[in-house]
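Undergrad: Here are the chains, one letter per residue:
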Amino acid sequence: MTATDTATIAARLVTEPRRTTRRGRNALVGYAFIAPAVLLFLAMGLYTLVYSFGLSFAKWNGFSPTWEWVGLDNYKDLLFADPRLAPEVRNAAVNTGIAMVAVSLGTVLIALPLATLLNSITRLRGLLRSVFFLPYVTAGIAVYYAWRYVLEPQGAVNLALRSVGLGSLSRPQGFLADPDTALPALVVIMIWGSVPVAMLLYLAGLQAIDPAVIEAASLDGAGPVRRLRHITWPLLVPITVAILLLGLRDTMQGFQIFLIMTNGGPGGHTDVLGLEAYQQAFLQSLSPTLGVASALGWLIFIAALLLAVVNARLLRSRQ
Amino acid sequence: MIGNRRILAAVAAVALTLGVAACGSDDEGEATGGALTMWTFKRTHVEALQQAAAAFKAKTGTDVKIEAFTPDDVFTAKIQSAAQTKDLPDVLELHSGGEDMRVGGGGLLADLKGDFDAKLDRFLPSTRESGRVTQQRKDTIEELSGATVGSLYSVPFTAGTFGIVYANKEKLKAAGLDPTKPPATWEQFLDYLKATTTADKDQGGLSLGLKVTQTGFNWIYEQLAFAYLGQQKFEALFGKGTTAGFGSPDGVKTLDLYSQLKPYWIPGASALGIDEADIAFAQGKSAFNVGGTFTLAFLAQNNMKPENVLAFPIPPATGGAVSDLRLAPLALTGLAVTSTSANKSGATQWVDFLTSPEGAGIFAKASLDLPATDLGTQAESLIGPDLAALQQFFTGPAQNTYDAGNRGFRPPDYDEVEMGNPLLKLSPLGEADAAGTGRTLDTVIKAMWDAK
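So the sequences go chain by chain: A and B. The opening position of the first sequence corresponds to residue 1 in the working numbering, with each subsequent residue numbered one higher. The opening position of the second sequence corresponds to residue 1 in the working numbering, with each subsequent residue numbered one higher.
Simulated from the structure, these hints should not be mistaken for lab results. Heads up, the beta-carbon is just placed ideally off N, CA and C, and yes, glycines get one too. Do not take every clue at face value.
Each computed DSS-like pair below joins lysine-lysine, with the alpha-carbon atoms no more than 27 Å apart [what the hints assert, rightly or not]:
| # | chain 1 | residue 1 | chain 2 | residue 2 |
| --- | --- | --- | --- | --- |
| 1 | B | K240 | A | K76 |
| 2 | B | K119 | B | K86 |
| 3 | A | K59 | B | K138 |
| 4 | B | K446 | A | K76 |
Listed next, with one range per pair, are the computed distances between beta-carbon atoms [stated by the list, open to error]:
| # | chain 1 | residue 1 | chain 2 | residue 2 | range |
| --- | --- | --- | --- | --- | --- |
| 5 | B | G376 | A | D180 | 46 to 56 Å |
| 6 | A | K76 | B | G408 | 23 to 33 Å |
| 7 | B | K262 | A | I141 | 27 to 37 Å |
Going by beta-carbon spacing under 8 Å, a handful of chain B positions derived as facing chain A [as the list claims (entries may be wrong)]:
| # | residue |
| --- | --- |
| 8 | T70 |
| 9 | D72 |
| 10 | D73 |
| 11 | R102 |
| 12 | V103 |
| 13 | E143 |
| 14 | A147 |
| 15 | S151 |
| 16 | K211 |
| 17 | E418 |
| 18 | K425 |
| 19 | L429 |
| 20 | E431 |
| 21 | A435 |
| 22 | D450 |
Only chain B is shown next, with the shape it has when bound in the complex:
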């Protein structure tokens, strides 16, 4: 009798285990065709997306559930595991021009060409084709080898650019500077930094999330070098077998300019992540902070009043090729519909609404982030005068415009992280001089060109 009980107990244990395992499988039987799910990697977008979702529900009766997964490595792992278990959401917000291409090339995204080709003129011109499979992308992104040229894997959602300096007006005033007048040149910017660090040695410097080393290269150096050298010479820095690279006299000069920041970084800048640097600025631990157009939203969320911020692009150095630097806006994130969505028409409708002037307006007002949708005259009322004022730097002659989205002149296997590390050693670490850094960067570029 006792033996029988033991057998029964053991069988029950096995059955329970199998039962639990079975419960872990995906819920294939769940009703489809109704509510939508959207994933984003930006926590700052959640509330704004929810507001837009409420308006969408009022219009169509369809519920949209917004979920955020941060930081980037968590989002990546989430997509990878969901792809395996076929649990992807209906809509994804992805980084434009790379991530969307890889996910789409992997067969996870629907082709939105038929739904959006006729609507792309609603977006800022430089962002319209950000989600398109082009021949050049097909040649350089492995995952696109089986993709059809012309497919549209995402439509632009947020736009903006890097290389925007934010200054704390109160600290400018305390240092005897005019808080309404941004520095016009690199030299003036250095003077401003000198004044604020003199006024407040520990909390008057420049913050940037240099723990992510490429920020120094992408958000300051490139704009500075472009303005000093002009478009042609700037692109030559990255050339294959070039003699006009970073180690050339021109390249070294641009690195010298960058290294002039060395005395002005806030203490510990190289250990700060991007968000931490922004928070440090919002908390008054630095007088200047470098980011992108998207940074203002984060600063506002961290209790920094936008009216206490003076924003301006990285100023060009005196004697350079470009004295009036402009920054082309690029699509930063895009919206994609997954190929596994059980409600593709609903998902497409949601993407259409979000990128319409109405949906984009709701999103922009709530998030303080720039949508890729051209808001026209409504812009200032929706995103506020400060962010709208930044838009003046988006237009100008092509030869004066730095376009971070233009990747054609770089090696196919270009990896910005590898450019950031040597620059970090130049400044703030001071472990290398400009000439040595130039030689190192040339070696890195050569290795990228030589990569398989």
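Chain A with its partners taken away, still in its complex shape:
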């Protein structure tokens, strides 16, 4: 062993512990930085999840000192056992299903052509993109109230229909008080709110397609329809699946629009599962119904989980 070798080994012996110490210190710093987030998740996320799951097997009004354990009764009541609650839940489930399908499909049917048009123009694209994105920025409680005024018997929609000679299409009771139009009107507003993000996603997808591929297809004689059908559309399918599933999930879990605009009316025609859960929790004159509300929340969660599984499978099958 030369003197140099000895020096190298000695140096390594000195630096190794330093490196280990530094690595440990770095790890400690990392853990310290994520600790607040972890603590918050444990306090606000995991705790509430476990709490709500436990509550779904109990009867409680939110302030009594004890919970009354009822096992699976809340779930059974919601699904079939309670002759008053179960039909309400079934009606809400049907309305939720209709809204989920209509909002998701409607969003795709409007967002895709819109994005295609935006992608095909060069002038004013930025401005138009901002204009089309406005509903997403402004959607919220104030906008829901604005929509209510628009859909009233003397509102802008009826007025517009009458003034262009389409009075037969106007609704004398307004669109939200009429059982035939209440749910479709809410679906239209939800589509209006969800189109902007879908349009942006499609636009990003369209701009990611290599123009050379389209150009090659054109040189090979493919017309616009064939190009759309055999090149553009297959490349946009993963985005479409994502948009559809996002729409399905949002509509299934959301209830604010139903609460603010119709409160489930008229006569239960716009009652949805999320609203039903909210009403069971907070609009029962302090009756012990928080357990039923939690159970319904977990049933909605299971449905959302199934959707997520379908989502994963569909995306995997496309890869």
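Model the placement of chain B on the given structure of chain A, informed by the hints.
TA: Quick look at chain B alone, frame taken from chain A:
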């Protein structure tokens, strides 16, 4: 060195987070025994309560802070969360005869029996026992299973009744009707409606907050059915295993009477909340509006002059059992002292003052709402001639008096929302006829009786 700084920064971040979390805990160390806090769910009561609080402070030196949480779901969530964090106020204004029982049964309210049993004669007779735990309530309200019969969880605060029709005098005049003469029968009421809607098709009809579907059932149908059938047959509609229910010939007849309102609702009535319907009336978008005695205060707050309003109870139908319908006043809200109050004697004193003739008078004058305290001869000067005039309908023979507070003949698990939905489908939606609605209501009542 840099490593040390990073560690210090991370530790500081954790400490800050924990510090913020610690700041979020309740202020247990706050001084107690002085100022009082009171929560109400009625925004229209805040100013009047503040005026009463000012008078109370002048008398006792105790400050009372009034806070309102609306709508009902917000108030409910507030009580639930405050109960968990032990941050309840000293005094609560609650719905009488149900909400107060549930909150009291949950252990959140003090028993006021010792303080108020000797003072209950200051209240209108039909409201005195509204906050009492009775055996019947104990049997039907789950939360009262551990409560002691005789406990007093609240004392009545506001009183009144539903089924009061408000008419816009100017619209009556415009339709060629006498604005000082209320319709005496249901048929005359329909004639009035016909006249006002003929005069003004869009803004001459009837408004009611049918988005809260039970209003149609509680505020119009029940009074109408009671007057037509009489007390015994009316109660039989709700009977267990009854053959004289809503689907019986008598029941269908009452539903037929109700359905006659169909042409006269203002457009979009089924999408209106209670406040929205009242506001529509105050803004001249309807000629008639149905509410309770408490509605006048809200109308006044929305710039409807009380002198431009003609008020009368739902008129009875011709040929019915009762031709002179009376409406028993019931306690609508009650005052309760929380069991966690650090100043129970001060809180009880405040409740005592608010329900005394002096405090109730201040409240009544400022709010235009009827207090449960019997104001006697002062009533007219305090609440105005219009509201005082309504009090004439509060007294009369028992067989002619519809008492919304009498719940004994209904199923223990009675839920008025479930009665409202089928009635909404009868009118104004017109999705079902009277016979079909009767069958549906009988099914709903049966399910309530069969409930666990």
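Undergrad: Now tell me, hint by hint, if it's right for this structure.
TA: Right, here's what the structure says about each hint:
Distance hint between K240/B and K76/A is fulfilled; the C-alpha atoms sit about 25 Å from each other, no more than 27 Å. Restraint check for K119/B and K86/B: the C-alpha separation of about 30 Å exceeds 27 Å, so the hint is violated. As the CA atoms of K59/A and K138/B are separated by approximately 17 Å, the hinted pair is consistent with the 27 Å bound. Between the alpha carbons of K446/B and K76/A the distance comes to roughly 20 Å, so the proposed pair stays at or under 27 Å and holds.
The hint said 46 to 56 Å for the Cβ distance between G376/B and D180/A, and at roughly 54 Å that hint holds. Taken as a hint, the range 23 to 33 Å holds for the pair K76/A and G408/B, whose Cβ atoms sit roughly 30 Å apart. At about 33 Å, the beta-carbon gap between K262/B and I141/A stays in the expected band of 27 to 37 Å. Interface hint status for T70/B: violated, as the beta-carbon distance to the closest one in chain A is roughly 13 Å, over 8 Å.
For D72/B, the interface hint holds, the least distance from its beta-carbon to any beta-carbon of chain A being 7 Å, beneath 8 Å. A hinted interface residue such as D73/B counts as satisfied when its beta carbon comes closer than 8 Å to some beta carbon of chain A; here the least separation is about 4 Å, so the hint holds. Hint status for R102/B: holds, given a least beta-carbon distance of 4 Å to chain A, under 8 Å. The beta carbon of V103/B is positioned within 8 Å of a beta carbon in chain A (closest approach about 6 Å), and the interface hint is therefore held.
Given hint, E143/B at the interface with chain A, holds; its Cβ is 6 Å from that chain's nearest Cβ, closer than 8 Å. Interface hint at A147/B: violated, since its Cβ lies 12 Å from the closest Cβ of chain A, which is beyond the 8 Å cut-off. Proximity of S151/B to chain A is violated relative to the hint, the smallest CB-CB distance being about 16 Å (cut-off 8 Å). With its C-beta approaching chain A no nearer than about 5 Å, K211/B sits inside the 8 Å limit, and its interface hint holds.
The criterion of a C-beta within 8 Å of any C-beta in chain A is met by E418/B, whose closest approach is roughly 6 Å, and the hint holds. Interface hint at K425/B: satisfied, since its Cβ lies 5 Å from the closest Cβ of chain A, which is below the 8 Å cut-off. Interface restraint check: L429/B against chain A, minimum CB-CB distance 6 Å, threshold 8 Å, status holds. Of the supplied interface hints, the one on E431/B holds, with its beta-carbon coming within about 6 Å of a beta-carbon of chain A, less than 8 Å.
This hint is violated: A435/B has a C-beta 18 Å from the nearest C-beta of chain A, more than the 8 Å allowed. About 7 Å separates the beta-carbon of D450/B from the nearest beta-carbon of chain A, less than 8 Å, and the hint is met.
The earlier numbered hints that this structure contradicts are 2, 8, 14, 15, 21.
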